[in-house]
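Number of protein chains: 2
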Amino acid sequence: MKFTSIRPAPPVFTLLILFFLFSGQVLPKPGASDSREPHLADTARCLPEPNRAVVASPNPIPWGYDLWLNFEPLDDARLKDAYREAITGMYMEPVGATGQIVYRELTEGLGSMLERPLESLPAPAGMKSAEAGLLLVATWDRLPRFIREIMDRPEIPAEGFLIRQVRAGEKKHLVLTSADDAGLLYGAYRLLRLVQTHQPLDGIDLLDAPKTKLRMLNHWDNLDRTVERGYAGFSIFNWHTLPELRDPRYADYARANASVGINATAVTNVNSNALVLTAPYIRKAKALADIFRPYGIRLYLTARFSAPMEIGGLETADPLDPRVIAWWAAKAGELYAEIPDFGGFLVKANSEGQPGPQNYGRSHREGANMLADALAPYGGNVIWRAFVYSEEDPDDRAKQAYTEFAPEDGKFRENVLLQVKNGPIDFQPREPVHPLFGAMPETPMLAEFQITKEYLGFATHLVYLPRLFEEVLQTDTYREGPGSTVARVVDGSLHDKPLSGMAGVANIGTDINWTGHPFGQADWYGFGRLAWDPNLDSGDIAEEWIRATFGNNPVVVSRVQALMMRSREAVVNYMTPLGLHHIFDSSHHYGPGPWVDEHSRPEWNPVYYHQADSLGIGFDRTSTGSNAVAQYAPELAERYGDPATCPEEFLLWFHHLPWDYKLRDGHTLWEGLGLKYQEGIDTVSGMLSDWQGLKGLLPDAAYRDVEMRLGIQLQEARWWKDACMLYFQTFSGREFPEGMEPPAHPLNYYKNLKFPYAPGIRPQWD
Amino acid sequence: MKFTSIRPAPPVFTLLILFFLFSGQVLPKPGASDSREPHLADTARCLPEPNRAVVASPNPIPWGYDLWLNFEPLDDARLKDAYREAITGMYMEPVGATGQIVYRELTEGLGSMLERPLESLPAPAGMKSAEAGLLLVATWDRLPRFIREIMDRPEIPAEGFLIRQVRAGEKKHLVLTSADDAGLLYGAYRLLRLVQTHQPLDGIDLLDAPKTKLRMLNHWDNLDRTVERGYAGFSIFNWHTLPELRDPRYADYARANASVGINATAVTNVNSNALVLTAPYIRKAKALADIFRPYGIRLYLTARFSAPMEIGGLETADPLDPRVIAWWAAKAGELYAEIPDFGGFLVKANSEGQPGPQNYGRSHREGANMLADALAPYGGNVIWRAFVYSEEDPDDRAKQAYTEFAPEDGKFRENVLLQVKNGPIDFQPREPVHPLFGAMPETPMLAEFQITKEYLGFATHLVYLPRLFEEVLQTDTYREGPGSTVARVVDGSLHDKPLSGMAGVANIGTDINWTGHPFGQADWYGFGRLAWDPNLDSGDIAEEWIRATFGNNPVVVSRVQALMMRSREAVVNYMTPLGLHHIFDSSHHYGPGPWVDEHSRPEWNPVYYHQADSLGIGFDRTSTGSNAVAQYAPELAERYGDPATCPEEFLLWFHHLPWDYKLRDGHTLWEGLGLKYQEGIDTVSGMLSDWQGLKGLLPDAAYRDVEMRLGIQLQEARWWKDACMLYFQTFSGREFPEGMEPPAHPLNYYKNLKFPYAPGIRPQWD
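These protein sequence lines map, in sequence, to chains D and P. According to the UniProt record's numbering, the first sequence is numbered sequentially starting from 1. According to the UniProt record's numbering, the second sequence is numbered sequentially starting from 1.
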């Protein structure tokens, strides 16, 4: 809001430079630490000079709150003229709350980017004689007749839109139309993005619609505002002050989601709290639903299976018990009385200690169907998570979800969706796809991805996740022969499912920029775009996001895109190369802990996953081992089952191999491991220097923030290499390969690092 | 940063109005709830229509991040011309980090407000011939000679400054000078505020300096970012990403503090965690200290008395044990090696379960002096909190601090300050002053106030606290005869103490506007101003803050000031009228709980404090009771000791009186109680309508936020009246007085209200 906030950058830079010249004497001396307590901070060697924060905010306008919806004036004058000619004024009747939003977004967004207030024309009457370049915005049936007469009625699917330039006599007009309000909203955001990213409008004829029904965020947010696996601060949902206090942030959150096509959100943790289903909390939830509704977003809540006992006063939660059935039916009625478009329940049952039907000797199917029957009268869904592994079953954890659910195909109610994580273990930097994809032709399915970086370096690592999502979506399951990609499971086309989609575990928190790492915004954005169309290209999405966020400078666009696109392979290499997985330190999952072996259940220990011994390393999931490969279609089972054909990126996921096993490049497995770790580090150090090469071409606050985080990422990449290679060396007994930087500290140093207050786990007051 | 963010407001308002016309159909129906679970939300009747958040952010630039440092262009053209004439250009050599900040703030602030880049003149050479209206900024010894020749050398105290218009021949120039960097910094912010608040500069000759040495914030922030008694989100201090990640917010925080003269901060909870004294955390703290330093702020940490055992490997923390003494000495050395200007330790010992010297049969004095000796070589202070009450001692809690510390006067080291809460109990809406003020002539003292609203409605009540602070500061202790005000204890003049000041428990959190309630910013601002000069007028401070925050529109200034000034008496009336105290619901202190009596220790139960019975109500602290009055100077003891002379605002604090006791206005005590509660409610409802009368004259986001919060405040004021009067009626057995609105629910409804996730207490995951 401040005058200084719109002054041209140069003077500020001059001041910064001036500052660095003069401020030498306040630079903290780097110098080695004399401390004995082992701690990551001891390895902090590679960071940019640390006194920048002193000049962080000459005038404090925080960066990043407006995300990719920062409709800055176009700097390209010729382009601006072209758009001004294509759009001279707008005709729109703002109908309803959604219509109001569309009207306001177009008026303000185009007005801002074209630096000319968008004239709004009144009644359709004078329209025929209107100036050329009229923007007409309305659902088809509300379009002025003279336009409908010109256009042949288009087939626009639900939530879809058409942006077409039409010719009325001599004049060209731009039409944005749809079958429903949601489509108009999505079309408006698309039109704004076309201008934002400098796309031509002349002769445009763009029909688009979401390929999926359900495009959903899952918030692992607790009622006390802590966020499980949250690294961007705390929960934006302040349950204590709801329903009376409606933080503008709730609407800004809905707006951001709508702008990328997200149409559903579960705002409470899957490790759930029954209290959210009590009347006072339902009224709080209603306040959120009322804010989300005009943005086309349906609210879901997580249902704790034992709620009938905890808040219902029953002594059982047995899904076949009539009282339990009646309680859930009544609860559903109570919910829909307050929230007529309530989406339904997201349920984590009999997993990691959560209550569920199995506590009563009932199956997942029986539990899910009972809840589904309660919601069915109101059109609600049950989203049942397939992330389960038995407390007793000694079998390979990677197999258990498939074993549990595959036989149940076709036995669920129509309004039950099975939510399946992208891989069979747990959101690792890289996993093979989950064997359930394509394996349940009769069951509606949601693919679950994690946008928050639990196993990918928290909010301090730059890892462009849509690259990972794309790899999963484009994987061929062969379930219906070649071309049976996960994308076709997600969009429902593989088995003609009317109901399907994608769920993403949100990376959103109270940080002013929403996601902690500025590039976390790209993961949120990209998730939404891929949920809209799972066949989009992650590189195109990156380019879109960069242009919308940082502007259209071609140098910035190409360099930042290149940096993003290689970031995902980098994290795989410096954390878990060649198919290694789940070797993270326990509970907080911050940093390496391949040595951890003290937990009661085998699959809670990293040693269970890497199986390193004097002979070799890796998890044998072939017929000689757990035979998890057999859960895939024959084509994949065969390929993964033989080290010779198994992609090296999955080698140690499926095979236990000797340290001297020869990789395709001729290196031994041991050498290859070390060189992969090194490769990851080298990539990150390249990312940092590439970023530093963009200084001055980016918003200063964002530039410095990302630079600091890349410094941390580089330091932690080295930490991973040192800790893992030193530990694995105790088994391999071999020298580190040439080309691998020697570790900075002995193994015990890394084993002794403790992070009692790492974010994302239960807070502990002392 | 967005073009739309600086477009004139009107279009937006039009849109808003349009929106309200069209959006009827999304308005949630209010309607009575059919739920049986008792909950505050059931009483939500009086709130503004709830769908506003839907239009909260047509373009999301969050309000309030820049606090009172929002240097908007002056709207008064004549005034702007006058300032432009008085300040045509600036001469300043930006020396050091602080000089850089001063230079940048003046250049940007004046440039923004006067809408004209402030020309910066180079060498002093051409100065004599310079244009009129030169702004000269330098510590005295660096001022150009021609100016020093004109001026007689002023006596400027440490941290003080002089702003004087001087005449050089025909020309008038403006001089900002000081004895030190801090003074220059404070002078720069003062000069900016003079312009911001439309004060004349012509003929100005303003010499000002802080009246206190120590002007300090205490953050009750935990290392996991939860904040004890925090209601504005979570801790802004992200220990996990420090020291590498230097959030610009750290500098913005320091800047805000410096702008009101705060020069010290303790960033960790007094219920402390020894981990903060380990090497890794000291390096994290160093990063903060480096950022704070150029803003004139010294960093303090809280010292857990048992740290030598918890992180030092000793089996004792006995302050007289040589190993313990040596450990603390070494730790001090370690701290000062990293943070040369480290402020020292803030200690809560043997209070509410915290470890301390008494665990070893040693006195507070012995504990404090041991730590003081460790810090003395480096010039560090020990700030020892007087907030103690014995685990066993059955005596009146209000007496215990005095009993414990008064006899120790003169026995502490010179670098020990005793930190005394403003009242003898615990930050109540109103308390008599603490009897220790003025009672320890030989002991450096800090007055501790709570800026966060633990007992004042959290961040949803508008209560202007400087009014409360002023009442305490202006209270006469009579310790050295009439005129021995608490202000003179705070500024050290009562007993000529070189070291003294004020500490405030911060209300700062991760909320974008820092304080949750927009008016919480005024409490932070006002605390700083009163710590600078404890004799300032709270009304003047309010006016300053309003002008700096909301602009100089006289209607806004006068109405908002009036609203703020009566807000404090309102909360006393609707929570704890006539001297009632500590009748809050347990642990979270959110809302009334006068009936609570189940806690093990008497003084943890509200019933202990109101002593209501069939005969009457109130705590007898006269000679017939605990005789706490005897701890005050005779003048006060006498006045408070007799109901006839005791101010009615303290009546039930000092006396147990019959329900039919006649108040000065002729009402019985019972009637008066009910009418006071009603008066509090009526004041709040007046505040709400006054606020609504300002719609359109205030930033829209701030207007709506405050309106929602006032709605909650009104609802909760009624809650207090209903709950307390229904409960006290069970003793008085009398009808409610005429003029008191009847309660909305029966007593049990209020007793059953539960708030498991009220903020500010230990989070609990389920």
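In short, the hints are calculated from the structure, not lab data. Any given hint might turn out to be false.
Taking lysine to any residue pairs in the SDA-like style, the calculated list, with each CA pair at most 20 Å apart, reads [unchecked claim]:
| no. | chain 1 | residue 1 | chain 2 | residue 2 |
| --- | --- | --- | --- | --- |
| 1 | D | Lys754 | P | Glu310 |
| 2 | D | Lys754 | P | Gly312 |
| 3 | P | Lys171 | P | Leu121 |
| 4 | P | Lys754 | P | Val596 |
| 5 | D | Lys751 | P | Ile311 |
| 6 | P | Lys754 | D | Ser493 |
| 7 | D | Lys172 | D | Leu121 |
| 8 | D | Lys695 | P | Asp247 |
| 9 | D | Lys172 | D | Gly312 |
| 10 | D | Lys754 | P | Pro658 |
| 11 | P | Lys171 | P | Glu155 |
| 12 | P | Lys399 | P | Arg734 |
| 13 | D | Lys172 | D | Leu242 |
| 14 | P | Lys754 | D | Arg167 |
| 15 | P | Lys754 | D | Ala279 |
| 16 | P | Lys754 | D | Gly313 |
| 17 | P | Lys662 | P | Ala644 |
| 18 | P | Lys754 | D | Arg84 |
| 19 | D | Lys754 | P | Ile311 |
| 20 | D | Lys751 | D | Leu663 |
So, going through the hints one by one against the coordinates:
no., hint, verdict
1, Lys754/D / Glu310/P, "holds, 15 Å"
2, Lys754/D / Gly312/P, "holds, 16 Å"
3, Lys171/P / Leu121/P, "holds, 16 Å"
4, Lys754/P / Val596/P, "holds, 13 Å"
5, Lys751/D / Ile311/P, "holds, 18 Å"
6, Lys754/P / Ser493/D, "violated, 49 Å"
7, Lys172/D / Leu121/D, "holds, 16 Å"
8, Lys695/D / Asp247/P, "holds, 18 Å"
9, Lys172/D / Gly312/D, "violated, 63 Å"
10, Lys754/D / Pro658/P, "violated, 61 Å"
11, Lys171/P / Glu155/P, "violated, 24 Å"
12, Lys399/P / Arg734/P, "violated, 33 Å"
13, Lys172/D / Leu242/D, "violated, 48 Å"
14, Lys754/P / Arg167/D, "violated, 64 Å"
15, Lys754/P / Ala279/D, "holds, 13 Å"
16, Lys754/P / Gly313/D, "holds, 17 Å"
17, Lys662/P / Ala644/P, "holds, 10 Å"
18, Lys754/P / Arg84/D, "violated, 58 Å"
19, Lys754/D / Ile311/P, "holds, 13 Å"
20, Lys751/D / Leu663/D, "violated, 29 Å"
Taken one by one, the earlier hints fail for this structure at numbers 6, 9, 10, 11, 12, 13, 14, 18, 20, listed in ascending order.
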